[in-house]
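> Each chain, written out:
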Amino acid sequence: MAGITAADALRRFDPRAQITIVTHEATPFYSRPGLMYYMMGRLKEWDLRIARDGFYRNLGIELKYDTALRVAPDQDLLELASGGRLPFDRLLIATGSKSRRMDVPGADLDGIHFMYTLTDCKGIVSRSRRGMKAVVVGGGLLGAELAEVWRDCGLRVVQLVRDAWYFPRGLSEPQGRIVEASMRRHGVELHLEEEVAEFRGQGVVSKVIAQTGKEFDADVVGLTIGVEPNVDLARASGLAIGRGVLVDEKLRASRPGIYAAGDCAEIQRPGGGRTVIEQLWYSADKQGRAAARCMCADVQPYDPGLFHNSAMFFDVDYVALGAARATEPGQAEETVVSRDGRAARNFVHRSGLVVGIASVGANDRADILMPMVQDGVNLEVAKGELKGRRWPSAR
Amino acid sequence: MAQRALAKKIGYPILAAALIAFFFWQERRTDPMWLGRDKSFWYETLYLAFVLGMGVPVLIKWRRSRYFTIRTISCMASQLVWGYLVIYFILPLSWTTVTYPGGRSSLTPFAQNLWPLEIYGLVVPRYFGFPPVVAGWFVYVVATSLVLMPVLVLRFGRAYCSWFCACGNLAETAGDPFRTQAPKGTRWVRFEWVISAFVLFAILATVFLAFNLPGQKVWQEGWGFWVKFIFSSVIGLGLYPLLGNRPWCRYFCPWAGLFGALGKLGKAGIAANNNCMGCGLCNKHCDMGIDIRRNALRGEITKTTSCVYCGACVAVCPRNVLRVL
Numbered sequence: 000m001a002g003i004t005a006a007d008a009l010r011r012f013d014p015r016a017q018i019t020i021v022t023h024e025a026t027p028f029y030s031r032p033g034l035m036y037y038m039m040g041r042l043k044e045w046d047l048r049i050a051r052d053g054f055y056r057n058l059g060i061e062l063k064y065d066t067a068l069r070v071a072p073d074q075d076l077l078e079l080a081s082g083g084r085l086p087f088d089r090l091l092i093a094t095g096s097k098s099r100r101m102d103v104p105g106a107d108l109d110g111i112h113f114m115y116t117l118t119d120c121k122g123i124v125s126r127s128r129r130g131m132k133a134v135v136v137g138g139g140l141l142g143a144e145l146a147e148v149w150r151d152c153g154l155r156v157v158q159l160v161r162d163a164w165y166f167p168r169g170l171s172e173p174q175g176r177i178v179e180a181s182m183r184r185h186g187v188e189l190h191l192e193e194e195v196a197e198f199r200g201q202g203v204v205s206k207v208i209a210q211t212g213k214e215f216d217a218d219v220v221g222l223t224i225g226v227e228p229n230v231d232l233a234r235a236s237g238l239a240i241g242r243g244v245l246v247d248e249k250l251r252a253s254r255p256g257i258y259a260a261g262d263c264a265e266i267q268r269p270g271g272g273r274t275v276i277e278q279l280w281y282s283a284d285k286q287g288r289a290a291a292r293c294m295c296a297d298v299q300p301y302d303p304g305l306f307h308n309s310a311m312f313f314d315v316d317y318v319a320l321g322a323a324r325a326t327e328p329g330q331a332e333e334t335v336v337s338r339d340g341r342a343a344r345n346f347v348h349r350s351g352l353v354v355g356i357a358s359v360g361a362n363d364r365a366d367i368l369m370p371m372v373q374d375g376v377n378l379e380v381a382k383g384e385l386k387g388r389r390w391p392s393a394r
Numbered sequence: 000m001a002q003r004a005l006a007k008k009i010g011y012p013i014l015a016a017a018l019i020a021f022f023f024w025q026e027r028r029t030d031p032m033w034l035g036r037d038k039s040f041w042y043e044t045l046y047l048a049f050v051l052g053m054g055v056p057v058l059i060k061w062r063r064s065r066y067f068t069i070r071t072i073s074c075m076a077s078q079l080v081w082g083y084l085v086i087y088f089i090l091p092l093s094w095t096t097v098t099y100p101g102g103r104s105s106l107t108p109f110a111q112n113l114w115p116l117e118i119y120g121l122v123v124p125r126y127f128g129f130p131p132v133v134a135g136w137f138v139y140v141v142a143t144s145l146v147l148m149p150v151l152v153l154r155f156g157r158a159y160c161s162w163f164c165a166c167g168n169l170a171e172t173a174g175d176p177f178r179t180q181a182p183k184g185t186r187w188v189r190f191e192w193v194i195s196a197f198v199l200f201a202i203l204a205t206v207f208l209a210f211n212l213p214g215q216k217v218w219q220e221g222w223g224f225w226v227k228f229i230f231s232s233v234i235g236l237g238l239y240p241l242l243g244n245r246p247w248c249r250y251f252c253p254w255a256g257l258f259g260a261l262g263k264l265g266k267a268g269i270a271a272n273n274n275c276m277g278c279g280l281c282n283k284h285c286d287m288g289i290d291i292r293r294n295a296l297r298g299e300i301t302k303t304t305s306c307v308y309c310g311a312c313v314a315v316c317p318r319n320v321l322r323v324l
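If you read the protein sequences in the order shown, they are chains B and H.
In this text, residue positions in the first sequence follow numbering that gives the first Met the number 0: the first is 0, and each later residue adds one.
In this text, residue positions in the second sequence follow numbering that gives the first Met the number 0: the first is 0, and each later residue adds one.
Just so you know, not all the hints are guaranteed correct.
As the list claims (entries may be wrong) - With a cut-off of at most 20 Å between alpha-carbon atoms, the simulated SDA-like pairs for lysine to any residue come out as follows:
1. H:Lys-7 - B:Gly-40
2. B:Lys-97 - B:Arg-69
3. B:Lys-43 - H:Arg-186
4. B:Lys-285 - H:Glu-299
5. B:Lys-285 - H:Asn-273
6. B:Lys-63 - B:Ile-18
7. B:Lys-43 - H:Pro-317
8. B:Lys-43 - H:Arg-178
9. B:Lys-43 - H:Pro-176
10. H:Lys-60 - B:Arg-41
11. B:Lys-285 - B:Ser-96
12. B:Lys-132 - B:Leu-191
13. H:Lys-60 - B:Met-39
14. B:Lys-43 - H:Pro-240
15. B:Lys-43 - H:Pro-182
16. B:Lys-285 - H:Gly-298
17. H:Lys-8 - B:Gly-40
18. H:Lys-7 - H:Pro-56
19. H:Lys-60 - B:Asp-151
20. B:Lys-43 - H:Phe-177
21. B:Lys-213 - B:Pro-104
22. H:Lys-60 - B:His-185
23. B:Lys-285 - H:Asn-272
24. H:Lys-60 - B:Arg-150
25. H:Lys-7 - H:Phe-177
26. B:Lys-43 - H:Leu-241
27. H:Lys-60 - B:Gly-40
28. H:Lys-60 - B:Cys-152
29. H:Lys-7 - B:Arg-41
What the hints assert, rightly or not - Label-pair distances were calculated between CB atoms; the ranges are:
30. H:Val-193 - B:Arg-242: 51 to 59 Å
31. B:Arg-242 - H:Ile-69: 44 to 52 Å
32. B:Asp-231 - H:Glu-299: 34 to 42 Å
33. H:Val-138 - B:Leu-58: 52 to 60 Å
34. B:Lys-386 - H:Lys-266: 25 to 33 Å
35. H:Lys-7 - B:Lys-213: 39 to 47 Å
36. H:Lys-266 - B:Lys-213: 55 to 63 Å
37. H:Ile-300 - B:His-23: 34 to 42 Å
Simulated from the structure, these hints should not be mistaken for lab results.
Glycine residues also receive a C-beta, built at the ideal position from the N, C-alpha and C atoms.
Construct the entire structure; sequences and hints are all you get.
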């Protein structure tokens, strides 16, 4: 995402630049958020493609199906898996994320799937049959998607969640309960505060053992315990890495001429402080554009702007702007639950001024919440303004 | 699910074959009457039955979307009231048997349809003078086709196409299961120019008819056979499973070709907030093959000549991104 956006933006900044994209994924630039619907059979592979019909040709971008191994240590050359070498003036590393692996016995058994690439999803589809027992490990946005897919395909779904309620990183407790209720209503057997101790099976997974000793039968397992920056290329090239590829606020990596953007970039803010890794579809778009600007020697630093995310937990929608939870010192939060208990908004504020709103089940639109958070309106004003809006409404 | 698939595989071809056969027979029959009624009455009865019957599953399938529900009810109601009750039961006094030079005879009102969807609307006075009935219909056709409807399009785009146009009524009810089949991609969008060929055809046919030029019979028959039968009925209806439910509206409809572009001037469009993740469900369900996602990803308004504001993209969007303007 960041890579394509950057290429698109670069072409606009510099009509004569020679742009090459190196990718190892055979389907060029598809919509990862659409994968869920692909697995449900509602979209075909072609429908996922965002770049199509001569997209690259029109932009004058060369596409190379190859894997970048490393940057030559002494000159600006990209070494490819095919043995080729690609000289560059500017290199953008947009290698994205990879699924976080699990370090427990049996984690490499057959039938244990990640859900990140189209290939992963094809594997899941080919494995899943109606009536099978599926176990989803991980209680996040991806976990909810996978559970929904499997329920839609008629599997029995058990989901193991580490935390005390669903997705505490983005949901306050009352909100988590609403989401859990929705998931249970749709037939997902949720187990909170359960972590996997072991996968068992003869070649193919057949049982998931939790740390509490509980056992769950499983024909197929989905691991959705998060993603981590894919730093293989940067590491092999000797770039500075932390959790991700370390870049400054102009997205420059530790070696001149090399930039990183998207999921894989770890942005250091001037003056130290916490580094930022944004692993979102939206941020990849923003960072890609910013990287293109920086690569054209513009001096404007990347501004992450307002955090923004949205998702669906079955029929419950989720929108977050700014801080979803009060995590920094000085912040407090207050959850307002609707009268019927099916929607809740979590207001994060700093001494009464809103710095973030996360809304569940309320059908809130990002464009309405955004100005409130951006301007940091008074908590009571924000609550009042949203109060008149219809709570859980049909479209 | 299995029932649906069965209905789609077996039910639809029977429906289409019956309707097309009926249409062909009606166009060919010289006697305007059959079983004591105008021959078109029977065709319209069948048509109405399909719109109402197939509308019910549509209402159930899309019940979560208010816009869709209201629109589908509007389709069914307009077909019942305007396309049927008014024409055959409330206004039968305005009927006159007419025979155009060239032999086409009809008992129906001269033009319940917009010009140039129906080329006869504008030429009736040429052949039948101005008795009150003829004048009434002539004024009606001119007012609706050239004034009222273009104004509506100016504000609402081609929404009429999915709210109360007769072709649209069928496309949005019987054709609903096929909406994902619409051909997608820039190549098919570029192909939309053919609609202007149909506009040209309609205008030429009208001119020939209006001035009774030599060869007007050929134009009339060409219009009847090629446009009305082959393109609107056989291709427009029979090929739903291949080309989606709106090949006629997208590529052939001469009225849309003439006035559809007006919609781009007004405020009509599909607005997007910045929640789009690019999953592509909107594109998949667009029966006009519009690339909505492209604009939605950038948070831009989708303004096209072809959008009929059926609301499918809005209803399927899992993130509440889109909105009909």
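> Check each numbered hint against the structure and report the violated ones by number, ascending.
none
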